[in-house]
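The sequence shown lines up with residues -26 to -1, 1 to 264 when you count with mature numbering (1 follows the signal peptide of the UniProt record, and there is no 0).
Simulated from the structure, these hints should not be mistaken for laboratory data. Warning: the hint list may mix true and false statements.
Claimed, not checked - Label-pair ranges, simulated between beta-carbon atoms:
1) SER118 with ASN235: 28 to 36 angstroms
2) PRO210 with ASN101: 15 to 23 angstroms
3) ILE117 with ALA213: 28 to 36 angstroms
Fair warning: this is a prediction, and the values are worked out from it, not measured in the lab. C-beta atoms are modelled at their ideal positions from N, C-alpha and C, and glycine is treated no differently.
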Amino acid sequence: MNIKNLASASALAVAAAMGAAPGVSASTIVDLGFIIDESGSVGQANYQSSILALRAALEQIPLADANVTYRVGVVSFGNGADVVAAPVVFDSAANKNAVLAALLDEAVPNSIDGGTRQYGLPGGITNATNYVAAFDAIHNAFISSFGSLGDNSILNMATDGGWNSGGNPTARANALYNDNGWDSLSFEAIGGFSQSNLNFLAGIGFDSGGIGGCGITTDAASLQNVTENCFVIDVPSFAAFETAILTKVRKTVIDTGGDPNVVPLPAGLPLMLGVIGAFAFMRRRQMTAA
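Sequences are here, hints too, so could you generate the full structure?
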């Protein structure tokens, strides 16, 4: 755990000791940053399917409650990087749906708002794979949206190949942990990585124990506490990515104290129930007085 997390935990403990009422404002803030490979080697169909798979996975993330508040953002990368869904707080159905809509529009251009975003930007039509640009983009997106990271900050990167543009990403990955304050970086390695490339990803990932030493597995269901352990999931194909990312996100929600099975109430329902309750109370008083 980074020092910033210890400080946040201490602040929450002080608030609890002073009798602070429970509520969303006291939630643990969990940042979830997702990085999706858009390089030319992925291809348009596979990129679109991976975006839709991620979209399905993000539907499992619940809205903020007294325990945990999620902040979610997505970037894609090729030779450069692009913000697909700017990080927002999942504290309302509207905010969550904005991220889901952005992903749908990314997978099926012009399906939502008539936008011009197309596969292949930025630099995606080349086979350039720039990890450094991806790491810069996701960090900058969260800082731009919130000014600082939350209590627990988790990055997940899906790629079909090693870096070949932008320079060796080791130093930048290390800086995400040492300088920028991210708590975890894990990967899905899609489409048959060599053992040496798997080992490279395992070496630049990080978790609460520090940099490197991430586990390598072919079974996402075997992941143990994704908030404390980094990992590289060796995914055989893009067709198998959906199962991997669905499982990974579900486990992340559970391990961070959320409930992926919660179906939130419509935004106006609590107010409506309150009005109904007040009306019933007044009606009972009138009947008693009569």
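Hint-by-hint comparison with the structure:
no.: 1; hint: SER118 with ASN235: 28 to 36 angstroms; result: holds, 32 angstroms
no.: 2; hint: PRO210 with ASN101: 15 to 23 angstroms; result: holds, 21 angstroms
no.: 3; hint: ILE117 with ALA213: 28 to 36 angstroms; result: holds, 35 angstroms
Checked against the numbered hints above, the structure violates none of them.
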